[in-house]
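Q: Given the structure of chain A, go ahead and fit chain B onto it with the hints provided.
There are 2 protein chains.
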Amino acid sequence: MRKYSPVNFKNVRIDGDFWRERLDTVLTRTIPSQHRQLEKNGILESLTIPQPPPPLRIAPNSHNFTTQIFWDSDVGKWIEAASYALGHRRDAGIEAKVDTIVEDLAKAQLPDGYLNCWYIGREPEQRWTNLRDNHELYCAGHMLEGAVAYFHATGKRRFLDVMLRYVDHIMATFGPGAGQKKGYCGHQEIEIALIKLYDVTRDRRHLDFAAYLINERGHRPPHYFDVEAAARGEDPRSFWAKTYEYNQSHKPVRQQDKVVGHAVRAMYMYAAMADLAAEFGDADLKRACEILWHDVTSRQMYVTAGLGPSKFNEGFTEYYDLPNETAYAETCATVALIFWAQRMLNIELDGRYADVLEQALYNGALSGLSRDGEHYFYENPLASDGRHKRWAWHTCPCCTMNVSRLVASVGGYFYSTSNDVLAVHLYGGNSARVSLGGRNVEIKETSRYPWSGKIAIRIDPEEATEFAMRLRIPGWSRTASATVNGVAVELGGSVLNGYLEIRRRWQQGDTILLDLPMPVERIYANPRVRMDVGRVALKRGPLVYCAEQADNMLPVTSLRVPRGAAISIAERDDLFGGIVTLAVDGCAIDVKWGDNLYRSAAPSTQPTRWVALPYFLWNNREPGEMAVWIPEV
Amino acid sequence: MRKYSPVNFKNVRIDGDFWRERLDTVLTRTIPSQHRQLEKNGILESLTIPQPPPPLRIAPNSHNFTTQIFWDSDVGKWIEAASYALGHRRDAGIEAKVDTIVEDLAKAQLPDGYLNCWYIGREPEQRWTNLRDNHELYCAGHMLEGAVAYFHATGKRRFLDVMLRYVDHIMATFGPGAGQKKGYCGHQEIEIALIKLYDVTRDRRHLDFAAYLINERGHRPPHYFDVEAAARGEDPRSFWAKTYEYNQSHKPVRQQDKVVGHAVRAMYMYAAMADLAAEFGDADLKRACEILWHDVTSRQMYVTAGLGPSKFNEGFTEYYDLPNETAYAETCATVALIFWAQRMLNIELDGRYADVLEQALYNGALSGLSRDGEHYFYENPLASDGRHKRWAWHTCPCCTMNVSRLVASVGGYFYSTSNDVLAVHLYGGNSARVSLGGRNVEIKETSRYPWSGKIAIRIDPEEATEFAMRLRIPGWSRTASATVNGVAVELGGSVLNGYLEIRRRWQQGDTILLDLPMPVERIYANPRVRMDVGRVALKRGPLVYCAEQADNMLPVTSLRVPRGAAISIAERDDLFGGIVTLAVDGCAIDVKWGDNLYRSAAPSTQPTRWVALPYFLWNNREPGEMAVWIPEV
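Chains as they are written, first to last, in the working numbering: chain A, 1123 to 1755; chain B, 1123 to 1755.
In isolation and in its complexed conformation, chain A is listed as follows:
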C-alpha cells in the first residue's frame, strides 16, 4: 500500500495566474488542436480498418519498423489528456470525439480481444512477434491509461470494457504458465497503466500482471528478445541499438544500479517499480528505485531536469556527459521523471523527490509547450545557436500529449495525504478540498508563486480537526520562515526530510504564512560536467533562467557573468502576461575576433547589462541564440 496518496487534480482548483494561464491554454487550445492534428495526420484514420486491409502505406525505415507503429499510443494519450480536460468541465463536443474514437476501436478489436490497429490493419499474423521493437504493449498501455481516465472523467464504461477484453487477451498470452510467452514490452509503459487499472478494478490479477512484467524483465538465459528474434529468423545481435540497456532489459530490474538507455523507457519503468514497491511493500524494489534515483539525479540530469544527452538512443550515455547544445532531453523523459518522482513521494515523504519534481515541472517539462499552446519542443537543449525551433507537430508526436496530459492534471501534483497528514509539495494559488481523518478540509492558497515565495494558506476544516500540515521547504530555500495566525513557527527542529511539520488542531480560518525568499542564485555544476566548467546558471526559486537573443542586443554567446556582479530582478508585466526577468550587470566579450581560430590575446570585454528569461519561456518570440550556462569571468 502507498503511504501517501496524491490528491486528485479534480479536487484542486488552480487559481494562481501562473498555472491558471497554462491550464487554460492547454484546455482551450492545446487539447482541441491536438485532436485536429491527429485527424490531419491520418492517425485517427488509422483506427478504422478497411476490409480487406490495405497494403503497408508506409515503408519500414532502416530500423525495420515504421515510426507510425505506435499511433495507437498517441490516440490513447490524447484521450487521457481530453479526459483530464473533462475533469475540469464536461464538454459534449470533446466527449463526442472520444466516443467516436472508442467506437472505431471497438469495431477494430478482434474476436479474441486483440486490439492494435497497426497490426490488425497491416500484418495481423505478425502480432506479438516483435515486442522488442514494435511497441504493441506500449500502445495497449497508453490506450488503457486513456480508458481509465475517461472512465474517471465521465463514468462511461465502454472504452474501459473494450480495454478490459484486451487486457484479458494480453494476460492470457503472456505470463509464466505453460504455453504462455514470457514476454514484456521493449518500451515499458503498460506497467503504469495496469496499476492505474488496478486502482479502478481492484482486480488483483491486474496488479500481479504489472508485477510479472517488471519482475520477468531482463532475466536470462534465454533473454526473451533473443528468443523472439530467433523465432523471426533474425540474429539477435543485429538489434540496432546493440545493447538491451537501451530498453533496460540488460539485467533483472532489482540488479539495476545505473540509469541507462532510452530515457523515457527508463522513467516509465522506474515509475512502475515505485508503484509496485509501494503496493507490495517490496523493500528490494524500493531500494533499487532509490539507487537509480540517486544515480540519475546526482550524475546524469541537466539543471533543467532534462534527461538523456544523446539523440542516438534518445537517452543516457556516460556519467557527467551533459552537452548543452546537443542535449536531447526529450520532453517526454522529463514528464516521466515527474511521474516517477510523484510515485517516490507516495512511498516516502522526502523533499529530494519533490525538489526534482518541481525542477522538472517548471523547467524541462514546461519548456516543451509553447505559450500559444500549439507548438512543441521534442528536444530541450540548454543552448542554441538559433536553429532550434518549436514545431507544430512531429512524426512521433509523443511529447505533445505528454505535456498536455501533465498540465491538464497539474493540480494532482500539489498535495498528498496520509491518515492525518496533509503534505504540500507544490505552491501556487489554488483551492483544494481534501479529506483528513474522515473530515473534509478546504485549503486556500494565495500566492504569486513561482514569481514570489510569499505564500498564504488558509485552512478551513468542516470542524476543528487535529492533523499535521507538512509544507515542503524547497531545497533551494535557505531562509524560509513561517507563521501560523501570525505566530512564528520554529523551523529548526520541525523540518524533516525537507518538509516543515505543523501539527495542531486546525480551526476554520487558521492561516499559515510561508515565506520562501527567492534571491537570484548562481548555480555551479560538478566540475566533472566538462561542458559547464567555468560557467554558471542563474536560478531564482524553482526557475532556471537563460539568456535569449530576443532580450539582448549583443550575441548571447558573448555574454559573461563577472564574479560578484549584481543581478537584480525585474517585474515585467509587458512580457508573456507578467513575468520576472533578471538583469545582470555583466559584460560581453568583443566578438570581433578576426579570422584566426586561435590567438594569443584573450578576448577583450566591455560592460553590458543583459537580461535573463525563465528557461521554460524561451523560443516564444523570434528565433535566436540561447544559453543556460554562461561563462563566469
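By construction, these hints were calculated from the structure, which means they are not laboratory data. This one's a predicted model, so the numbers in the text were calculated from it and none came from an experiment. Do not take every clue at face value.
Where chains are identical, the list cannot tell them apart; a pair therefore holds if satisfied intra-copy or between any two copies.
As the list claims (entries may be wrong) - With a Cα cut of at most 25 Å, we get these calculated DSS-like pairs of lysine-lysine:
id: 1; residue 1: Lys1511; residue 2: Lys1364
id: 2; residue 1: Lys1566; residue 2: Lys1714
id: 3; residue 1: Lys1714; residue 2: Lys1380
id: 4; residue 1: Lys1373; residue 2: Lys1408
id: 5; residue 1: Lys1433; residue 2: Lys1364
id: 6; residue 1: Lys1318; residue 2: Lys1304
A: For chain B alone, kept in the frame of chain A given last:
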C-alpha cells in the same frame, strides 16, 4: 609547373636530436615491426591468391563491405615507408621482403593488368562495380606510391612495371571515351599517386588522368555513384553516409568552398588539387584550394592541427564544432594535411601553409606514434579521462604506415628551391645538399629546435653564388632576429608572407644566426568554439602542451591557470631523452564536490604548481587523464 620544388629527403641528413631520435626509431623499430604486423594479421597472406580462390573469409559488415577490403593499400604504404628507409640506407633484408611482396603481386595480377587482391581472390566478377565504397582505386593509388618510392630508392623497375600495367588497365577502363566508365574513387588517393608517377615517367597521360579524376568528380546528373548503385540493383539513397559530402563528390571540386565529409579523403583530394593547380597553372583550382584552406584552418581545425571531430563520418561536422574528449582527429588526416600544405608551398611561398605544416607535424601527426615506435593513436583527442590508449595494431591500420612514411621522409619537408631561391620551412639540426643556379650548395643547420629557437645555418656553396635564402619566420614568433656573419639583418621590410629573404652572394662559411625566442604563450580559441570558452592552451614554439596525469598529483580535470600566473620552462633531461616541460604556478579546484550535480557555491581553489608536457608525447607512460585546454581562472 610547380613554382617551388621540395628538396628530397635523401639530400637532407637529419642531425638534430629531436628528429634523429624519431627517425631512428621509425627506421629501426616501426618499419620492421609493421612488416611483422602485416604478416601476423594475414595481410601479406592475402596477396597470394590460392586456386581456386577461397570463399569469403570475412563477412561483410553493416556497411556491406569488409574492412579488410583495403589491405592492398596497407601493403603499398608499407612499401613506401620501407623505401624511404632504404633511401637512408640500403638494406638487403628489407629489399628481400619488398621483393617477395612484389612477386606475389605480379603473380596475382590478371592478364589484363587488373591487380586488386581482395577482388581477384574473392569476387573477381564484381570488380569496378562499387567505387563508392570499396576502395579499389584507393588501393591502386597506395600501391603505386609504393612502387614509385621503391623505384626511387633502389632503381628496381619490377614493381613499377607491374603497376604501370595496372595503370594502363585503369586508364582504359575509366575516362571520357565511349565505352569507358566515367568513374572516380569513393576514397581519393590515386590522384596524388598518379602525379608522383608522372614525375617518374613524364608520361603526360598519367598527369591528364589524375586531372580527369579530379575534374569529373561530383558532376551530375547523373552522379557516377548513383549510376553505379543502380547498376548493382541498389537504391542510391541507401548510401550509409547519407550524403556525397562524405567523399567530397557532392559537387564539382571547383565549386567546393566548405571542407566537408571524411577528413582523410578531403585532404588527399586537396593535395592532388594543389598539385594539379601547379602543373596546369589552373587559377580556378588554385583559388578553390585557397578557399578550402582558409575554411578548414580558420573554422574547423584543432589547435593540434587535428581534423574531423566526428567518429561517425571520420570527419567534419559544423563550423567551430571541436569537442576535445571526443575529437576523432585521425592521425591520417593530419598527415594528409601536411601533404596538402607542402603542395600549397609548391605553388606559393606563404608562411600560413608552412605554419600549419609545422603545427600538424609537431602535434597532431607526431602524437600518432608512440615513443617506442610500435604503438599508435588512430584518434587524437585533446582531452581524455584516462581511457584513451595507444594500440599495437588496428583492424584498419592506415594510420600506422601514414606516420611511418611521414617520419621516414621528414627531411623532405625542410626545404624547397626555385631557381635562385632556397626556402627553409622547418628548423632542426640537419645537413643538406641542394642545387641552386646549377651550383651545389651545402647547408648545415645546428639547433636544438623545437626545444630552442636559436638556430645557426652555415652555407657552403661549391663556389661563391648569388641566391636568396628565404627563412620562415613562424607565425608564432613575434620577436625574431637574425644576423649574417654577425651583422644584424633588418627584419622589418624583409619578411614577406612569413619568410625573411636574405639575398646575397653566398661564400663558403657564411653563417646565419636566427633567433626565434620561445616564450610560453597562452592560446585562446575563437569564442565560437564553445568547448574552449574560458580555457587556454599552452604553447611554446611549435609545440602545443597538455597536462597529463603522470606528471601531476592532483587530477588533471582540477587544474586551472590563473590569469597572470607565471609559467616557467624546465629542461628535463630525465624525461623522454631530454625535453622541455612547463611549470605552471597555478591552482586546482577542490574535487571534493559532494554528491550533488549542482550547487550554489563555486568550487574552492588551492594553489598548486603543475606540469605541462608536449602534447605529442602524451600517453607514453601509465594511462591517465589529459587535457590541452585548461580553464583559466
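Q: Hints first: check each against the structure and report whether it holds.
A: Going through the hints against the structure:
no.: 1; hint: Lys1511 / Lys1364; in the structure: between (31 Å within a copy, 23 Å between copies)
no.: 2; hint: Lys1566 / Lys1714; in the structure: neither (55 Å within a copy, 44 Å between copies)
no.: 3; hint: Lys1714 / Lys1380; in the structure: between (45 Å within a copy, 22 Å between copies)
no.: 4; hint: Lys1373 / Lys1408; in the structure: within (17 Å within a copy, 59 Å between copies)
no.: 5; hint: Lys1433 / Lys1364; in the structure: both (15 Å within a copy, 17 Å between copies)
no.: 6; hint: Lys1318 / Lys1304; in the structure: within (23 Å within a copy, 65 Å between copies)
Violation of the numbered hints given earlier is confined to hint 2; every other hint is satisfied by the structure.
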